[in-house]
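Protein sequences appear in the order of chains A and B.
With the first sequence counted from 1, adding 17 to any position gets you the working numbering.
With the second sequence counted from 1, adding 67 to any position gets you the working numbering.
There could be a bad hint or two in this list.
[What the hints assert, rightly or not] Per label pair, the in silico range of CB-to-CB distance: (1) A:A356 <-> B:S184: 32 to 40 Å; (2) B:T176 <-> A:T352: 42 to 50 Å; (3) A:A356 <-> B:K162: 22 to 30 Å; (4) A:F381 <-> B:A183: 53 to 61 Å; (5) A:F381 <-> B:K162: 36 to 44 Å; (6) A:E157 <-> B:D147: 51 to 59 Å; (7) A:R271 <-> B:K109: 52 to 60 Å; (8) A:P150 <-> B:E140: 54 to 62 Å; (9) A:N235 <-> B:D147: 25 to 33 Å; (10) B:D146 <-> A:C236: 31 to 39 Å; (11) A:R271 <-> B:T139: 43 to 51 Å.
Don't read these hints as lab results, they were simulated from the structure.
Predicted model, so just to flag it, every value in this text is computed and none were measured.
Positions of the beta carbon are idealized from the N, C-alpha and C atoms, including for glycine.
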Amino acid sequence: MQKSKLKSMIRLVVLATALGVGIEHVSAQPAIIAKFDPASEMSLSGIVTYVDWKNPRAHVFVNVTDGSTLTNWAVELESPLILKGSGWNEASVKPGDRVDVKGLRARNGSRQLWSETMTVAGKPVFTLKDLKPATPARSEPAPRGSDGKVILGSAEGYWGFPSEHALVEDGVNVPMDRYGQLTELGDAAKVAPMQPWALALYAHRQERSLQDDPMFINCKPPGGPRQYQSDLGIKFVEDKVNERIFILMGSGNRNYRIIYMDGREKVGSVTGDDDNPLYYGRALGKWEGDTLVVNTKGFNEDFWLTNGGLPHTNKLELTERFTRSDMNTLQYQVTLTDAGAYTRPWNASWTMQWVAGQEVPTFFCQDNRP
Amino acid sequence: MKSTIIKTGLLAAALSLSLTAIAQEGHPMKGSWIGEWKGNQKLGDFVLLVLDWDGSKISGVINPGTDNLNITEATLNPDDWSLHIEAGGYEMDGKIEKLELPARSVVGTWKGPEGASGALEIVRQ
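Just chain B, with the same shape it has in the complex (with noise of 0.2 Å):
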C-alpha cells in the first residue's frame, strides 16, 4: 500500500513536469522517464526509469526509491532506434517515438518473471 502511494506520487509528481520536458540535445535515451508497464502485477503499472550514458553504455535504474531494479543490460540500435533493457528478471523491447523531440517517447513491450508480459510506453521527463 505504502509502495503504491510513493509510486502514485511520483507519477503525479513527474506528470506535472511532462508538459515542461527538459531539453536534452545528447544521447537520446539519458533522463527520466515514466509511463505504463501495464498488466505488471507485481510491481504495478506505473514505472520510472533514470537513465544515463558515459560514453560507452546506457546505465540507470527503474523504479528508483521503491524496486530500485538496477539496469544490468541496454543498448540501443541507433539504425532504428530500437531499445533493450534488462533489469532484476524484467525486459523492456521498444522503439524510440518523437526522436526530435524533449519528450519523446519509448513504445514497445516488457517481460517479467513467470511468464508476465505486457505493453510499455515510458515517455522522457
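Chain A with its partners taken away, still in its complex shape (with noise of 0.2 Å):
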C-alpha cells in the first residue's frame, strides 16, 4: 500500500473518531471516501437556507459569508433513517439557524462537505445512536411451528446488524471498515481465491476508494451474499401454500429475493433462468434438519458481490444454509463455485441478529442519489 494512501486511511479513523463516528450504527450507504477526502478536513458556519431530508443521505445547505462573499454549501448526513432513529428529524434545524459544522470536503473540490454533527447554538444535533440492539443476557431456544420446523421469520422482527459487512473467506483475518475498504490493499489477494484478473479489477475498485459501486451509482440491487451484509437487514416471509421463502430486502430499494420450496427444476421459470439471470439467481431450497439449504444459479454480472467489490461472472453458484441456532442468532453459511472468476470453491460465514419487534427497515436508494 502506498504510504499517502495509509496515511489517509489513518487521518480518516483518527477524524472519525473525532467525529463520533466510532459507535456502531447502521449504514447502507455507499463508503464516505469514495466521495470524501479523508485527508481534507474543514469547518464552516453559517446560516441553513435548506433541508433535504431524503435518502441515501440527508443534506442541510448552509450559506457561508467570507468577507464581501457568500457561498452555499451542502453539508451531507446519514440516511434520514438512521438519523430518525437517533432521534432526529428534517425540523431539528431549520432555515434560519445558525450552524457549526466539521467535516470532509469532497474529492471533486465542489462545496459539498461530509459530516455526522453539527452545532446550533452550541448544541450537538443529528449526533447518532448506537441502533444494534443489546444481546440477551439469555438465549432463548429458536421459535418452531405446528409442524415443528424452525421458524426463521415473523411478522414481529427482522434479521439485520451482521457480524460482516465484506465477503472474506474463512479462517482470513484482514482488517477493513463497515464498507468493505481493505486498511491494507496488499491484503486483497488473502480476501478469497481470485483469478489474476479478478484480484487485479478488485484491487482497482478497491484503489478507487470503493467509488464505482454500482448498488450506489446506479441503485441496483444488493445481489448475491451481499443482501446479508446490510445493517438494514432482511425478513424471511414463508408461504407454505405456495412452497416458497421469500426474503424481504431492507436494502436495495426494497425488492425482494424467492427461494422455491417446491422441488421444481433449475430451468424454464420466467423469474429467472439460464437465459435470463438474475441479480439474486434462482434459488432453490430444501430444509436438512432445522438448516434451510438454498442452493441458487443463474445471476447476471450487473452487480458486486459484496460490499468492497469481489466481481463474480455469471458461473456463479451459492450454496447458502441458514440455521436459527437461537432466538436471536441467524447463522449463514455460503459456498461460492465460481469458475470464472475463482480458482476454487470457497466459504465465507457470518450471523444475524435478531431485531425484535420492528418492521424492516425502507430504503430507497433512488430517492436522492448521492
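Could you fit the two chains together into a complex? Lean on the hints.
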C-alpha cells in the first residue's frame, strides 16, 4: 500500500473518532471516502437555507459568508432512516439557524462536506446513536411452528446487524472498514482465491475507494450474499401453501428474492433461469434438519458480489445454509463456486441478529441519488 | 457496397446504444465492442467485436455476420490491462482505458495482411 494512502486511512480513523463515528450505527450507503477526502478536513459556520431530508443521505444547505463573498455549501449527513432512529427529524435544524460544522470536503472540489454532526447555538444536532439491539443475557431457543420446523421469520422482527460487512474467506483475517475498504491494499489477495484478472479488478475498485459501486451509483440491488451484509437487514416470509420463501431486503430499494421449495427444476421460469439471469439468481431450497439449504445459479454480472467489490461471473453458484441457532441468532454460511473468477470453491460465514418488534427498514436509494 | 451498408447500419445501431452501455461487473472484456481500426482498406474502418470469457480464455468473433473473423488467440494481462487478439490474419494490441466504466475502451494498434496497420479504438457497448 502506498504511504500516502495509508496516511489517509489513519487520518480517517482519527477524524472518524473525533466526529463520533466510532459507535456502531447502521450503514447502507456508499463508502464515505468514495466521495469525501479523509485528508481534507474543514470547518464552516453559516446560516441554514434548506434541509433536504431524502435517502440515501440527508443534506443541509448552508450559506457561508467570507468577507463580501457569500457561498452555499451542501452538508451531507447520514440517511434520514438512521438519523430518525437516532431521534432526529427534518425540523431538527431549520432555515435561518446558525450552524457550525466540521467534516470532510468532497474529493471533486465542489462545495460539499461530509459530517456526522453539527452544532446549533452550541448544542450538537444529528449525532448518531448505536441502533444495534442489545444481546439478551439469556438466549431463548429458536421458535418452531406447529409442524416442528424452525421459524426463520415472523411479523414481529427482522434480521440485521451482520457480524461481517464484506465477504472474506473463512479463516482469513484482514482489516477492513464496514464498507469493505481494505486497510492495506496488499491484503487483497488474501480475501478470496481470485483469478489474476479478478484480483486486479478488485484491487482497482479498492484503489478507487469503492466509488464505482453500482449499488449506489446506479441503485442496483445487493445481489448474491451482499443482501445479508447490510445493517438494514432482511426478513423471511414463508409461504408454505405455495412452497416458497420470500426474502425482503431492507436495503436495495426494498426488492425481494424468491426461494422455491417445491422441488422444481433449475430451468424454465420467467423469473429467471440460465437464459434470463438475475441479481438474486434462481434459488431452490430444502430443509436439512433445522437448516435451510439453498442452491442458487443464474446470476447476472451487473452487480458487485459484496461490499468491497469482489467480482463474479455468470458461472457463480451459491450454496447457502441458514440456521436459526437460537431466538436471536441466524447463522449464515455460503459456499461460492465460480470458475470464471475464482480458482476454487470457497466458504464464508457470519451471523445476523434478530431485531425484535420492528419492521424491516425501508430504504430507497433513488430518492435522492448521491 | 452491401457489406459497407450493413456495417454502417450496425455501427449506427451500436452507437445509439453506446450511451447506455450495459453494466458489466464481471470479466472486463466480455461483451460487444465497437469502434475503428483506422486505415483498414480491405474491411473498412469500422469494427465490431463480440467477446466472451469461459473462465480460462477469451473467445469471440470480429465483425460477426459480415467478415466473421473467429478469434484464435486472445489474452488479457491484468498487470497493466493490456490486450492481444489474433483473428483471420489480423492482430490487435491495446490497453483498457477507464476500466471502471461499463463503456470502457481499448486503445492501441492493429496489424493485418500485406503489412497493413493502423490505430485501434473500440468501446464496450
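Hint numbers contradicted by this structure: none
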